[in-house]
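Protein chains: 2
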Amino acid sequence: MVSAPSGTGKTTLCTHVRQTPDLVYSVSCTTRTIRSGEKDGVDYFFLSRAEFEKRMKSGQMLETADVYGEYYGTPKGPVLEHLAAGRDVLLDIDVQGARQIRASQDPKIKAALADIFIMPPDLGELKRRLEGRGTESAKQIATRIEAADGEMADWKSYRYTILSSSMEEDLIKFRAIIRAERYLSRRLDLQHG
Amino acid sequence: MVSAPSGTGKTTLCTHVRQTPDLVYSVSCTTRTIRSGEKDGVDYFFLSRAEFEKRMKSGQMLETADVYGEYYGTPKGPVLEHLAAGRDVLLDIDVQGARQIRASQDPKIKAALADIFIMPPDLGELKRRLEGRGTESAKQIATRIEAADGEMADWKSYRYTILSSSMEEDLIKFRAIIRAERYLSRRLDLQHG
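Line by line, the protein sequences are chains A and R. Numbering that gives the first Met the number 0 applies: residue 0 is where the first sequence begins, and numbers increase by one. Numbering that gives the first Met the number 0 applies: residue 0 is where the second sequence begins, and numbers increase by one.
The set of hints was computed from the structure by calculation and includes no laboratory data. Be aware that a few hints might be false.
Unchecked claim - As a list, the in silico DMTMM-like pairs of lysine to aspartate or glutamate whose alpha-carbon atoms are at most 25 Å apart:
(1) A:Lys109 x R:Asp87
(2) R:Lys155 x A:Asp87
(3) A:Lys155 x R:Asp114
(4) A:Lys109 x R:Glu180
(5) R:Lys107 x A:Asp39
(6) A:Lys107 x R:Glu180
(7) R:Lys155 x A:Asp105
(8) A:Lys155 x R:Asp87
(9) A:Lys155 x R:Glu180
(10) R:Lys155 x A:Glu180
My request is simple: use the sequences and hints to build the entire structure.
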């Protein structure tokens, strides 16, 4: 799973990483409004609050988070199915969600888990990137910058931390981590008994 | 540190990896005869038994091993100097030596440590590779194949295991591991307090 404050470039990074063989992107559910260019079922499953809460209550979510008043969550079924088939699953997840997944007692989730934090260069640069994106209001940007400050304090909880520089550099680092994790003896151990 | 049974291609791999920036190859000491094409101080420091034993007794060795009746060992000073300067140090080491390094109580060694085992495809292929190299007698090859069988049992003690295929593939995997290890949060933790 990968976390980063808004504007760090995590979504763009994940879009590139999705082309990696044997790596499946976990499509999250959300109640937030669909943005221009996004596709339902590709970027997110866009759900009503009622539908989201129903799924949450019936235990269909691996984790859920309330971010800026909107629900986000990872559907459990697809993740477990992909892991059972020997595929790596990429979760693009916020720090709240990451904490819930880390606390999971499911042995399959625990064994599969690897987490990466993308650390933005600094808050000023983050603000410039968010402004450049032009999808949030000035008020939303201010809220996100404040949140980023808190989220950045969580980096030590992640096994890996990438100090964000260019998209190309971040991608090389990200791919190296995904590759290297596959050669952990304890993972081979799982596969070959 | 990297270990592999003789003939797995570890030395060739390490030769390629030595070109990685900020990675320093630890030149081992040995009492074995210098082979054609090898250079003293580059491939090994070729020492007499008396000189090797003197250094071993005065605590100048990080680990020592007796392999097929010859001493091999890692000089301690250079490794600690490189680590202090923030450089990664590559140790090409056998399973006996790896066990000694893993048992080290030096906090700098413990913090820096990452270990990789290169697993040969099978013993038949290993024998073919050793025969193709043409540097060992039939008797030496037989001894090495027997040793390889024992060494291969140690793979689970290594954090990473690469199932050897082609040199190119092994190198890509090896480099990914070296890169990814640099992004471990606990290593950044060490650098930035």
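Quiz item: Which numbered hints are broken by the structure, listed smallest first?
Solution: Going through the list in order, the structure violates hints 1 and 5 and respects the others.
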